[in-house]
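Colleague: Below, each chain spelled out in residue letters.
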Amino acid sequence: MSDRQFVIPIGPQHPALKEPESFYFTVDGETVIDVEPRIGYNHRGIEKAMEVRNYIQNLYITERVCGICSNAHQTAYTGSVEEAAGIEIPERAKYIRVFVQELERLHSHLLWLGVAAHEIGFDTLFYYVWRDREIVMDLLEEISGNRVNYAMPTIGGVRRDLKKDNFPRWRKLVDKIIERTEYYIKVASTEQTILDRAVGVGYLGKSDMIKLSGAGPNARCSGVPSDIRKLNPYLVYDELDFEHIVVDNGDVLGQVLVRALETLESCKILKQVMDKIPEGEIRTKFGPLNRVPEGEAAYLVEAQRGELIHYTISDGKNMPFRHKIRAPTMANLPSLVERLKGGYIADIPIVLAGIDPCFSCTDRMVFYDEGKDKKWTWTDADLRKYRKEWFEE
Amino acid sequence: MISILTAVQILLFPGLSFILSYTLYAEWLSRKTVARLQNRVGPLHTGWQGVLQPLADFIKLLVKEDITPAAAEKIVFNVVPVFIFAIPLAATFLIPIQSITNLWGYEPVAGFEGDLIMVLFLMSITVLAVFLAGWSSGNIFGAVGATRVAFMMLAYEIPLSLVAISPAIMAKSLSIINIVNWQVSSVQSFIANPTLPGFLLGIVLLIGFAIYTICLLAELEMRPFDMSEAETEIVHGWQVEYSGVKLGLLRSGHHVKMVLAAGLLTSIYLGGPAGPVLPPVIWFILKTSFCIIILSNLSALFARFRIDQMVSGAWKYLVPLAVLQVMATIALSGVI
Chain A
1 MSDRQFVIPI GPQHPALKEP ESFYFTVDGE TVIDVEPRIG YNHRGIEKAM EVRNYIQNLY
61 ITERVCGICS NAHQTAYTGS VEEAAGIEIP ERAKYIRVFV QELERLHSHL LWLGVAAHEI
121 GFDTLFYYVW RDREIVMDLL EEISGNRVNY AMPTIGGVRR DLKKDNFPRW RKLVDKIIER
181 TEYYIKVAST EQTILDRAVG VGYLGKSDMI KLSGAGPNAR CSGVPSDIRK LNPYLVYDEL
241 DFEHIVVDNG DVLGQVLVRA LETLESCKIL KQVMDKIPEG EIRTKFGPLN RVPEGEAAYL
301 VEAQRGELIH YTISDGKNMP FRHKIRAPTM ANLPSLVERL KGGYIADIPI VLAGIDPCFS
361 CTDRMVFYDE GKDKKWTWTD ADLRKYRKEW FEE
Chain B
1 MISILTAVQI LLFPGLSFIL SYTLYAEWLS RKTVARLQNR VGPLHTGWQG VLQPLADFIK
61 LLVKEDITPA AAEKIVFNVV PVFIFAIPLA ATFLIPIQSI TNLWGYEPVA GFEGDLIMVL
121 FLMSITVLAV FLAGWSSGNI FGAVGATRVA FMMLAYEIPL SLVAISPAIM AKSLSIINIV
181 NWQVSSVQSF IANPTLPGFL LGIVLLIGFA IYTICLLAEL EMRPFDMSEA ETEIVHGWQV
241 EYSGVKLGLL RSGHHVKMVL AAGLLTSIYL GGPAGPVLPP VIWFILKTSF CIIILSNLSA
301 LFARFRIDQM VSGAWKYLVP LAVLQVMATI ALSGVI
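Quick note, the sequences are listed as chains A and B, same order. Residues in the first sequence are numbered consecutively from 1, following my numbering. Residues in the second sequence are numbered consecutively from 1, following my numbering.
Take these hints with a grain of salt, some might be off.
What the hints assert, rightly or not - Restraint-style ranges between C-beta atoms, simulated for each label pair:
1) B:I67 to A:I8: 16 to 26 Å
2) A:E142 to B:W48: 53 to 63 Å
3) B:L301 to A:F6: 56 to 66 Å
As the list claims (entries may be wrong) - Here are the simulated lysine to any residue pairs, SDA-like style, with alpha carbons at most 25 Å apart:
4) A:K374 to A:Y41
5) A:K341 to B:H236
6) A:K18 to B:A300
7) A:K324 to A:P278
8) A:K324 to A:E51
9) B:K316 to A:T193
10) B:K64 to A:P15
11) B:K172 to B:A192
12) A:K176 to B:R40
13) B:K316 to A:Q192
14) B:K74 to A:I8
15) B:K316 to A:T31
16) A:K163 to A:I178
17) B:K316 to A:S189
18) A:K186 to B:R40
Unchecked claim - Residues on chain A that point at chain B, a partial pick, calculated with CB under 7 Å:
19) I8
20) P15
21) G121
22) F122
23) Y127
24) R131
25) D132
26) S189
27) T193
28) I194
29) L195
30) R197
31) G280
32) Y344
33) A346
Derived from the structure by calculation, the hints contain no laboratory data. Note that the structure is a prediction, hence the values are computed from the model and not measured. Cβ coordinates follow ideal geometry from the N, Cα and C atoms, glycine included.
Please take these sequences and the hints and turn them into a complete structure.
Modeller: As C-alpha cells, then:
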C-alpha cells in the first residue's frame, strides 16, 4: 500500500447501510482500489432454530428471515415443504400467493427506488416514491391485516381469501401505481443530476456478471436473464402474461430501469390475477402434528432481490431434519465487490444500495484464525460438543 | 446619547437580537419550504405552524451531552464552532437593514467604504473554519468532509467574487450602501426613461443573480452541493464528531450564514431594503424571505453532485459565465 492509499471502514454502523455489515475500502484519494466485505454481524441461527420446531411454527420463523421479502421466504418455504410432503394446493391459493408476492415486489421495488434516490441525495424523489408506496402498503394491510409480515401462505394454501367486491377499487389503485411509476421512469431517465450520478456508475458487463453469477435485478441490469418466474415457473406464473425484463446498461441507471419496468410488469400481473382467479377452496389441511414423509425438496422463488432457494430435508417427523436457505444477496456479493472497484467514494452508497442488499438474510458463519490464516467450519458433532461444554461451565 | 443608540443598534435592532430571531425564522421558512415541496408538512406543533421549532431544537441541543473525542485536536475542535457562529453574525452588521432614527431610512450597523470586500472575506473565513472543524475532529469522515469543503471552495469562490463585484463596478463603489443607493436611483431613472442599454444591463444583472445564487448554494453547503456533509456517503462529514452545544452553534451558524447570504443577495442584486410604501425592514424581510425560498427550492429540486462533477462544472460553466457577465457589465457601464 502506497502513502496515498488508506483504508476507510464502512460499517457495521453506517447511514448508507440499513443493516449491520462491514466493508473495508482501500482508497486512493477519492478512488476505490479494493473492497473487502465482511459478513456475519447479524447471524441469528435461523436454520438451527428451524430444526427444533414443527413445520407450522417454522412458517413464522421463515417469515422473519427478512423484513422486505417476508412473503417470498414464506412462499419458498411452504413450496419446499409441500413438495416434500406431496401436497397439491388449490388453484385459488396459487393465485392468491402470486397476488401477494407481486404486491410485495411492488412495495420492495418502490422502497428501493426511494432509498436509491436518498443515497444520491435526492430526498424529494425519496419522499414522493415512499408516499406512493403507501398505496401498496395499505392494500397489503387490507388483504392480510399486516404491513410487513403478511402471514399469507401456509402449508397447503393461504390463510386469507381475497374478496371479489374489492377488485374494481384495487384495479384503480393499481392504475394509480402504474401512472406514478411511469412518471418516475421519466424523471429518472431525463433529470440531469440523476443521470450524472447513475450513468456508468458501478458498471459490470454481461460476461463478468455471468462469471460472478449474480441474481435478480442485479444480473438482469447487466443483460443476464435470470428471472426464475420465467426460467423455472412456479405457482401459476406460466399462465400469466408478462415480460422478462432485461436491460444491458450494467450500471446504476440499469438497476433503476430494471426495477421500474418490473414494477409495471407486476402491475400487469396483479390485473391478470384479478381477472383469472378461479373460485374454490383456499387451503388443504396441514396441522402441527402432520408428518412429512422422508425425503428432500428444493423450491426456487424469484424474490424481489433475486433467486431465493429453500431446501428442506425431512426424516419423517413433524419437524425438518435440515432446512437450508440461500438468499439472493449472497449470490450478489461477488458482483457487488466488482462493481465497487474503480469507482469514487461518493458512489459507494448508491452502488451498495444498487444490488438492494439484505444482509440479515445472507449471514453465514465460518471460523477464521487471522494469525494462521486458517479457515474451518464446525460439524454437527463439534457444535454439540461446544454446546455441552458451554452449558456445563 | 450616541453611545446608547449604538448599543441599541448592536444589541437589539437591527443588531444581535433581530438577526438571531430572524435566523430562527429563516430556518423555519427554509424547512417549511423544503417540506412542502417534498410533500411533507414540516415543523407543525411548536408554536403557530411550528415556527418555534428551530428555537426548541437549539435549546434541546444546548442540554445534550457535549463530547470531545479523544483523537481530536482539543483547542481547535472546541474553539471553531464559536467562530463558525460568530463570524457570519459579525458580517450581518455590514448589511443595510433599517435606520433606528429614521423610519424610512436604512443603514448598516457598521458600514464603511469597502465593506463588500469585508463581507466576502468573512464568508470565506467561515469556510476555512469549517475546514478546521473537520480536520481537527480526528475522524476519517471528518477529514474527507474537510477536504471536500476546501475543494468546493476552489470551485465556487472565484465566480462568487466576480459576480459580487459587477454591481460594484456599475455603482463605482465597494460600499454595500452605495450599491443599494445606485440600484434605487438607476431603477427610478429606468422607469422614468426606459432605454435599451438599461434593459440589457437588467438582463446581465439577472444572469449575475443566477450565478450568485448557485455559488451561494455551494457556499451554504445546500443540495445539490452538500457533498461536504453528505449523510449517506460520509456521515455528515466535518460535523460528524460534534454534539451538544457545539452542534447547536454549528447549526445556528449555518442558518446565520444563510441569512447573511440572503441579505447580501438582496443588497447587491435586489435593491436592498429599499422599496415603496413599507418601511425598509419590512422590505428586507420580504426580499430575504424570497431569496431563502429560492435557495430552499433549488436545494429540494436536485440530486447531490459528486465532488469532481461539481468542481469541473464550476470551472467549465460558472467561471466563464461570470467573466463574461463582468465584461458585459463593464461594457455597458461605458454606455450608461
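Colleague: Run every hint past the structure and note whether it holds.
Modeller: Cross-check of the supplied hints:
no. : hint                        : verdict
1   : B:I67 to A:I8: 16 to 26 Å   : holds, 22 Å
2   : A:E142 to B:W48: 53 to 63 Å : violated, 37 Å
3   : B:L301 to A:F6: 56 to 66 Å  : violated, 35 Å
4   : A:K374 to A:Y41             : holds, 20 Å
5   : A:K341 to B:H236            : holds, 24 Å
6   : A:K18 to B:A300             : holds, 23 Å
7   : A:K324 to A:P278            : violated, 33 Å
8   : A:K324 to A:E51             : holds, 10 Å
9   : B:K316 to A:T193            : holds, 16 Å
10  : B:K64 to A:P15              : holds, 22 Å
11  : B:K172 to B:A192            : holds, 22 Å
12  : A:K176 to B:R40             : holds, 20 Å
13  : B:K316 to A:Q192            : holds, 16 Å
14  : B:K74 to A:I8               : holds, 23 Å
15  : B:K316 to A:T31             : holds, 22 Å
16  : A:K163 to A:I178            : holds, 22 Å
17  : B:K316 to A:S189            : holds, 24 Å
18  : A:K186 to B:R40             : holds, 23 Å
19  : I8                          : holds, 6 Å
20  : P15                         : holds, 5 Å
21  : G121                        : holds, 3 Å
22  : F122                        : holds, 4 Å
23  : Y127                        : holds, 4 Å
24  : R131                        : holds, 6 Å
25  : D132                        : violated, 10 Å
26  : S189                        : violated, 13 Å
27  : T193                        : holds, 4 Å
28  : I194                        : holds, 5 Å
29  : L195                        : violated, 9 Å
30  : R197                        : holds, 6 Å
31  : G280                        : violated, 42 Å
32  : Y344                        : holds, 6 Å
33  : A346                        : holds, 5 Å
The structure shown violates the earlier hints numbered 2, 3, 7, 25, 26, 29, 31.
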